[in-house]
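**Student:** Residue numbers for the sequence shown follow the working numbering, beginning at 952 and rising by one.
Some hints could be false.
List time: in silico DSS-like cross-link candidates among lysine-lysine, alpha-carbon distance up to 30 Å [stated by the list, open to error]:
1) K1047 x K1036
2) K1124 x K1184
3) K1132 x K1119
4) K1132 x K1184
5) K1036 x K1132
6) K1046 x K1036
7) K1041 x K1124
8) K1124 x K1046
9) K1124 x K1047
Since the hints were derived computationally from the structure, they do not count as laboratory data.
As the structure is a prediction and not an experimental result, all values here were calculated from the model.
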Amino acid sequence: MPEASRRSRPLGPVLRTLAGETEPTGLPGFHTMQTYVILYSMPNRILGNLILQATAVITAVPLAEQDALRQTFQRLDTDADGHLKYNQLKTQLPKKFTREQERFTEEVYNLINSITFFGVDEFMVMNRLSQCVESLTGRAAESFETLDFTVLSQHLLKYIGLFDEMDKGYSGKISLDSLQKILSDTVSPLLITDSALWDEALDSISADFSSEVSKVVFIAHIPLFLSLETAFK
952 MPEASRRSRP
962 LGPVLRTLAG
972 ETEPTGLPGF
982 HTMQTYVILY
992 SMPNRILGNL
1002 ILQATAVITA
1012 VPLAEQDALR
1022 QTFQRLDTDA
1032 DGHLKYNQLK
1042 TQLPKKFTRE
1052 QERFTEEVYN
1062 LINSITFFGV
1072 DEFMVMNRLS
1082 QCVESLTGRA
1092 AESFETLDFT
1102 VLSQHLLKYI
1112 GLFDEMDKGY
1122 SGKISLDSLQ
1132 KILSDTVSPL
1142 LITDSALWDE
1152 ALDSISADFS
1162 SEVSKVVFIA
1172 HIPLFLSLET
1182 AFK
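With these hints in hand, go ahead and build the complete structure from the sequences.
**Tutor:** Here it is as structure tokens:
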């Protein structure tokens, strides 16, 4: 099958809604039309890269590890079509994953798979994401237990859309100030006006930040952001 046809897929129903092909269903967090325009106007493959910023992530992976991951991908891709099904990807998830962490990863896979072909680049990014999720501690790890999976895909789109609005150059990273702005919109304005509350929120994030937050780390913390939303209601 030609690469171009294998790497492009129709938009799934949620993304068709966001793209304007059906009536919007009132997804929370989309305060402007920018995300709708992005989803509608960009080729599916580019949109897939924007979701997890595969290029930026893969560049940071050592070449030897990239080679090992490609070999693993080829072994899992038993029909050699360049695409992994979720049950094939699932075999590579960390053994210590909780059921909720595994379901979260499946939701991210489904989101990617509804947009683009799940090939070797996506596999490398998901490897990084699963490592990040596995490394979470404290409240960030515990927040997976309270996820509402009936609406998780909507929340993933909400937060990924907000990240992309802040990531003007599509570098796959945003500043801490941008993260604070996102959370002040979705969680509480107090996270900007009350420095003690902001420091407390940062303390619950299981990552060492200097001045930037990568997209993979951001996505791994979406369950935490949702738990903060609940706490501030």
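**Student:** Identify every previously stated hint that the structure contradicts and give their numbers, smallest first.
**Tutor:** 5
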